[in-house]
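All chains, please: the whole structure from these sequences, using the hints.
Next come the chains, spelled out residue by residue.
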Amino acid sequence: MEHLHGFVQLLPQQVVNGVTLGATYALIALGYTMVYGIIQLINFAHGEVYMIGAFTGLIMVTVYKVNFFLAMLAAILVCVPLAVLIERVAYRPLRNSTRLAPLISALGVSLFLQTLVTLIKGDPNPLGFPEVVRDTVYRLGPVTFSLVQLVILIVAGALMILLHLTVKYTKVGKAMRATSESYEIANLMGINVNRIISFTFALGAALAGAGGVLVGMYVNSVNPLMGVVVGLKSFCAAVLGGIGSIPGAMLGGIFLGVAEVMGVAAGFGTYRDAIAFALLILVLLLRPTGLLGRPIQRKV
Amino acid sequence: MDGIMRILTDPYYIQVLTLTGIYLIAALGLHLITGVTGQFSFGHAGFMSIGAYTAALLTLHLHTPLILNLLVGGLAAGFAGILLGFPSLKLTGDYLGITTLGFAEIVRVVFINMKITGGTQGLAGIPKETSLLLVIVVAVLSVWCMYRIQNSRFGRALMAIREDDIAAEAMGINTLIYKVKAFAVGTFFAGVSGGLYAHLMQYLNPFDFGVTRSFDLLNFVVLGGLGSIPGTILGTTVLTMAPEFLRFVNKYRMLIYSALMVIMMIFRPNGLLGGVHLKDLRRAFTRRRSTEMASQ
Amino acid sequence: MPALLELDNITISFGGLTALNRVSLRVEEGKINSLIGPNGAGKSTIFNVITGIYTPTYGRVIFQGEDITREKPYLITARGIARTFQNIRLFKNLTVLDNVKIGCHSSSRAGLFGAVTRLGWVKREEREITARAQRALEIVGLASKGDELAKNLPYGEQRRLEIARALAASPRLLLLDEPAAGMNPQEKQTLMEMVQRIREMNITIMLVEHDMSFVMNLSDHVDVLNYGEKIAGGTPAEIRQNPRVIEAYLGNEIE
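Those sequence lines, one after another, are chains A, B and C. Numbering of the first sequence is given in this note's numbering, commencing with residue 1 and proceeding in unit increments. Numbering of the second sequence is given in this note's numbering, commencing with residue 301 and proceeding in unit increments. Numbering of the third sequence is given in this note's numbering, commencing with residue 597 and proceeding in unit increments.
There's no promise every hint is true.
Residues from chain B shown here face chain C by an in silico Cβ test under 7 Å; the list is partial [what the hints assert, rightly or not]: (1) Ser452; (2) Arg453; (3) Phe454; (4) Met459; (5) Asp464; (6) Ala470; (7) Met471; (8) Asn474.
In silico lysine-lysine, DSS-like type, Cα no more than 25 Å apart, as pairs [claimed, not checked]: (9) C:Lys688 to C:Lys747; (10) C:Lys784 to C:Lys688; (11) A:Lys121 to B:Lys551; (12) B:Lys390 to C:Lys668; (13) C:Lys688 to B:Lys390; (14) C:Lys688 to C:Lys741; (15) C:Lys784 to C:Lys741.
Distance windows between CB atoms, simulated [what the hints assert, rightly or not]: (16) A:Lys171 to C:Lys688: 36 to 44 Å; (17) A:Asp273 to B:Lys390: 19 to 27 Å; (18) B:Val549 to A:Arg177: 40 to 48 Å.
Because the hints were derived from the structure by calculation, they are not lab data. Ideal placement from N, C-alpha and C gives every residue a C-beta, glycine not left out.
What follows is the structure, encoded as structure tokens:
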């Protein structure tokens, strides 16, 4: 009873923490959902792009002593060409083969990058992130915000609005949507499908790179395997929201973040990593195409 | 000859060979699910762990004979497969894949939180009852079973589902039930394999059965040639032994291994033996023989 | 005499769009019944409703006096309705013979246990399946191609293989969805003879086809659909003279 009382009292604070965590999931989920929407591939290497973003940010602030925003920019500048290269080398040659071939290739890239970073770093142990944003705490009624949380919410929010505007109003955004509707027809309409796919990977990688720096800073830890679990959870978020749907990925990310923080607060801390998957299975069984996904009509 | 004898008596190589056989049994199960029936499973290691813990706990607490424990482990995994299969096999492709992956992760976290499994400390003190001979016997039996299954009315129904599920249903096949059955048999194999694994390693830890292991098994099945039993055998053998042979470049072996995964897919997206049919080979061979005879 | 198959006021809509509107028709036993109409008239949708792939919003499907409207596709096949598909749906990577053997699924019963043990009755059943599949291949003239992969057959033979696969299910009613599509006149002639031979085997046939001379030469009864509604039904001679049909669809194609 006492436990429950405490839980309720802390509820608003948990929501704030959950939304912060969820915003980082959403940033990464967007990359999964956009790529899946356009070439129906679970880009397993996306988690590693995020990991490399985090390392780039870490190097920038520790070695080059730049401020946090420059570090994020640098991470984006590293991740974008990396993701475009991955698509070019490991996915494009497999575009017309069986469904499993690009998946295995993606797993190969993922494993390759994990190993590569571990080799360069020397060991798989985590590194701390220096304090780049002052440890200030703001109080607002029953909840407290740390400055870091505020930065995450503002940056993630701004990036998502930027993405939304790009996809909705720019020419390349319209071409992206056309390509995800139908690959062949977009091609016939004179859209350079290869360029659009590269652009999609670039967009997703930019968000993941920024996400890597934000998370590294938030949890104060960066390691070569950090992309695995976060990557899988973010993919869950994308599926939860309805794969292929950009608002769906945002909603799914936030939903997952809040659920996870609540779950931990409710005393299921040791089950933390299972919460995302349990939710995913539940939602898929009730709504096979996710929260905001379009229903599929069987074509005969 | 001398070299072979040395390998066969070296405990290290025996261990590698035994492990290869154990993985082969699990891979054959996945072959039935993914290669024959065309259903994605990214959580096969989770079912292996169910079999492993079940068999190990039976040995430790009830002291029942190994064969029985392996069987019960297999049945437990198969039962879990049915439990997951009924609701989730209505999903298709990647959705099914990610659901199975999630299920395996949940199983893993549950084992971490259970007292009887030793939690994160792992389960130690399992007697070493798995021998190379036993593994060979079970593996051969599994291959034999798989051949019989594939060349039967049951196997044809599974392949029909893989090729076109709407046409399969129009031919009178209850696709959901058949998919669940394939899943049950496939996860049964994983469970048996897990039981053997437990009694070889003598120690179990939930981290042994994570996503990486599941994807390794998927690799075995795809890289050898999806849908082909010889392909699964080849894939499992090569990929289990490859890291051992790459020991001379110890530091870089995982790097080479992962790069090979990508390169293999680019140059042979259907796997090493994909698209190669024994019948075609035999026909090509006899044709060459007859032309040779004619030219003589 | 009661009809073998009866559609009673079938209505189906997809997201507000009515694909079939109160369509009623009867398929008489032992006859060749055709369904014609312009593209998008709802002909294939009728096949999908009969075989249980779509569930109608309203109306009933009656087969041999029993309501099968909400039955699962595999159970409908077991009752004796087999079909082919407009866009060929073969099991591409399996052999021709295996494709047809799969057609025998409903009328055999060996399962997982039988597969592993291969008891006497299982072997007998398997021999029976092979023999039946071989006979079905003979009917469509593909008996010598059993070992080829289905995807390697030329287009016309793939269409015939679909018919053999459906025949292997020993149906009472065979639904053929545009069997002559893409065939040359000579192939069409062979197909026509084949369909007649199938009818002589006491199998009732329902045919969707665009080729008018094919339909008019072969059918005992023709129903005409337009925009999801049935506008006429009768013998080929009656359809030829029906003013609504001429106006709505045939125009000056038939003189």
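Restraint outcome when B:Met471 is required to lie within 7 Å of chain C by C-beta distance: It holds, given that the least Cβ distance between B:Met471 and chain C is near 5 Å, below 7 Å.
Pair hint C:Lys688 and C:Lys747, alpha-carbon separation not exceeding 25 Å: Holds: C:Lys688 and C:Lys747 sit about 5 Å apart, inside 25 Å.
Interface hint status, B:Asp464 versus chain C (Cβ within 7 Å): holds, 5 Å
Satisfaction of the B:Phe454 interface hint, Cβ to chain C closer than 7 Å: OK, holds: B:Phe454 within 7 Å of chain C, min 4 Å.
Range hint compliance [Cβ, A:Asp273 to B:Lys390, 19 to 27 Å]: Between A:Asp273 and B:Lys390, where Cβ atoms are some 26 Å apart, the hint holds.
A:Arg177 and B:Val549 - C-beta distance against the hinted 40 to 48 Å: holds, 46 Å
Restraint status (C-alpha distance of A:Lys121 to B:Lys551 at most 25 Å): holds, 13 Å
When the least beta-carbon distance from B:Met459 to chain C is tested against 7 Å, hint result: holds, 6 Å
Hint check: 7 Å Cβ-Cβ cutoff, B:Ala470 to chain C: Hint on B:Ala470: holds, closest Cβ of chain C at ~6 Å, below 7 Å.
Pair hint outcome, B:Lys390 versus C:Lys668 [Cα-Cα no greater than 25 Å]: holds, 14 Å
Hinted contact B:Ser452 with chain C - closest CB pair below 7 Å: Holds, because the Cβ-Cβ distance from B:Ser452 to chain C comes to roughly 3 Å (cut-off 7 Å).
Hinted pair C:Lys784 and C:Lys688, Cα distance within 25 Å: This hinted pair holds, its Cα atoms lying about 23 Å apart.
Figure legend: structure checked against the earlier numbered hints; every hint is met.
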